[in-house]
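Asker: Using the sequences and the accompanying hints, generate a full structural model.
2 protein chains.
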Amino acid sequence: MALMTPSQSTICKGCWQHMRMPIPIRGPLALPLRMMGVKISRMNPNLCNICETMFTRVKRRKQIVVTSTVLFADVRGYTALSQEAASSEMLDILHGFTDECAEAVWARDGIVNKFIGDAMLAIFNFPIMRDDHVEQAVRAAQDIQRRWLRRSGQASAGAVPSPGLGIGIHTGTASIGEIGTAYKDFTIIGPMVNMASRIQAAAAAGDILVSSAVYAQVPHLFSGPHAAEFALKGIERPTTLHRMIA
Amino acid sequence: MALMTPSQSTICKGCWQHMRMPIPIRGPLALPLRMMGVKISRMNPNLCNICETMFTRVKRRKQIVVTSTVLFADVRGYTALSQEAASSEMLDILHGFTDECAEAVWARDGIVNKFIGDAMLAIFNFPIMRDDHVEQAVRAAQDIQRRWLRRSGQASAGAVPSPGLGIGIHTGTASIGEIGTAYKDFTIIGPMVNMASRIQAAAAAGDILVSSAVYAQVPHLFSGPHAAEFALKGIERPTTLHRMIA
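So the protein sequences, as listed, match chains A and B. Residue 160 in this note's numbering sits at position 160 of the first sequence, and the numbers go up by one each step. Offset between the second sequence (1-based) and this note's numbering: plus 1000.
Treat each hint with caution, since some may be false.
[What the hints assert, rightly or not] Computed cross-link-like contacts, DMTMM-like style, restricted to lysine to aspartate or glutamate with a CA-CA straight-line distance of at most 20 Å:
| no. | chain 1 | residue 1 | chain 2 | residue 2 |
| --- | --- | --- | --- | --- |
| 1 | A | K62 | B | D1143 |
| 2 | B | K1062 | A | D99 |
| 3 | A | K62 | A | E178 |
| 4 | B | K1184 | A | D99 |
| 5 | A | K62 | B | E1089 |
| 6 | A | K39 | A | E103 |
| 7 | B | K1184 | A | E89 |
| 8 | A | K184 | B | D1099 |
| 9 | B | K1039 | B | D1132 |
| 10 | A | K39 | A | E178 |
[To be verified] Here are a few chain B residues that sit away from chain A, every Cβ distance over 12 Å (derived from the structure):
| no. | residue |
| --- | --- |
| 11 | M1021 |
| 12 | I1023 |
| 13 | K1039 |
| 14 | A1080 |
| 15 | S1087 |
| 16 | M1120 |
| 17 | E1135 |
| 18 | R1139 |
| 19 | S1175 |
| 20 | G1180 |
| 21 | G1224 |
| 22 | H1226 |
| 23 | F1230 |
| 24 | I1245 |
Worth flagging that the hints you see were computed from the coordinates, not collected in a lab. All residues carry an ideal CB built from backbone N, CA and C; glycine is no exception.
Answerer: Structure representation (structure tokens):
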């Protein structure tokens, strides 16, 4: 118990919320369940591994359609930097990026779905549902940028200059579930997810760029001029996005 | 036993090769180990989940440098197609892509490291080591294209036209291991991996595009004119690549 941080739960938050089942994931009561294969989810340490995907199984469908908020974060200029920096320095950057992102997302009840090279895909409102999932995602993005700035400030003087992060957020309906039968890949797909990825690609280092759908739910988090038109890859018309400077 | 396909092993191929330890992963002898948490790896059904990452632990380092071959495969025009096709049809495409890729990679002793939207990252020569890992990767790519063509030929007449796949392959040294401490992401990183991804991006639908380093080890698999110069994103000079038409 002494090892727990305040954000760590002793029961699975997802199982409790959806079924009112207190599934122990930490402490002595968790041991018998662990023997049966119930473990802490790697996507969020307050969930169990069963609950990650069980809601799709309960519904006897491979995929379910949910309203959620998707956050993509990416290390800007990672490939270019990797041409000049030592591989140990590149590794340090990736280690730091992975840890800071994961902790910020978990603190806001999101799940880290996957890391893709120098980018992260996080989902909010599944399986832990929150009415304020859009705000939680934006606050997680602020946390990620803050953590990254602090970490960069702590880097030793001789180290390579730390690259900035670009973050993009969109919200809407998408399909969540397992793709494939031989290899099962649990992920979120749909046009909303592609759009979130495009928004992230347009974000400059240090920026959080969000769609109008996100902005409409959290106008109080923005100040000063923030709306601008962007030409996003694969989208014909200019898209209005809202920019938050970390 | 009746459920096993010829390619499925009863012991973990990785543990056997590296330590001469017969770790049962199928059949009655596998049960006690399963109780202890040893399971079939989802990256390759002939490996155990311990062995996926144990070689990095045995060496007491987060990362090890290995010579390997990396294969990226991608559904060409997936995002564009998703604008016009029904989401159920897009799901069918992703399900088929995931399964065909995984089975082709496993049959050649590679591991499926991850799926990223409509793309796959596969690694050959880790943890199952083979002197002919370059050839195995190219043959896996041929299998993937063949399987995809067969599957597309079987699609019903009214379905959307099936998109083609682009595949890129490169070989060299890279760093394999777990990134992060809070969230652990097992993956392969380094300039070789970035280059493989760039090569894949240059491959047209139906093509297998490989680097000169790959070609040099498997010239017998190519026929007719195959070399061409490509301008790859982020690479200043033109790059000579070798094209195999499925």
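Asker: Indicate, hint by hint, whether the structure satisfies it.
Answerer: Structure-based check of all given hints:
1. A:K62 / B:D1143: violated, 27 Å
2. B:K1062 / A:D99: Cα-Cα ~14 Å, so holds.
3. A:K62 / A:E178: With Cα atoms ~6 Å apart, K62 of chain A and E178 of chain A stay inside 20 Å; holds.
4. B:K1184 / A:D99: The given pair, whose Cα atoms are some 9 Å apart, holds under the 20 Å limit.
5. A:K62 / B:E1089: holds, 14 Å
6. A:K39 / A:E103: Judged against 20 Å, a Cα distance of about 19 Å means the pair holds.
7. B:K1184 / A:E89: Holds. K1184 of chain B to E89 of chain A sits at ~18 Å (cutoff 20 Å).
8. A:K184 / B:D1099: Measuring from Cα to Cα gives roughly 9 Å; hence the hint holds.
9. B:K1039 / B:D1132: Roughly 27 Å separates the two Cα atoms, so the pair is violated.
10. A:K39 / A:E178: This hinted pair holds, its Cα atoms lying about 19 Å apart.
11. M1021: holds, 23 Å
12. I1023: Non-interface label on I1023 of chain B holds, nearest chain A Cβ at 18 Å vs cutoff 12 Å.
13. K1039: violated, 9 Å
14. A1080: violated, 7 Å
15. S1087: Answer for S1087 of chain B: violated, closest chain A Cβ roughly 6 Å.
16. M1120: violated, 9 Å
17. E1135: holds, 23 Å
18. R1139: holds, 18 Å
19. S1175: violated, 6 Å
20. G1180: Check fails; 3 Å does not lie beyond 12 Å.
21. G1224: holds, 33 Å
22. H1226: About 27 Å separates H1226 of chain B from the closest Cβ of chain A, which puts it past 12 Å; holds.
23. F1230: With a cut-off of 12 Å, F1230 of chain B remains clear of chain A, as the shortest Cβ separation is near 17 Å.
24. I1245: holds, 26 Å
Checked against the numbered hints given earlier, this structure breaks hints 1, 9, 13, 14, 15, 16, 19 and 20; the rest are met.
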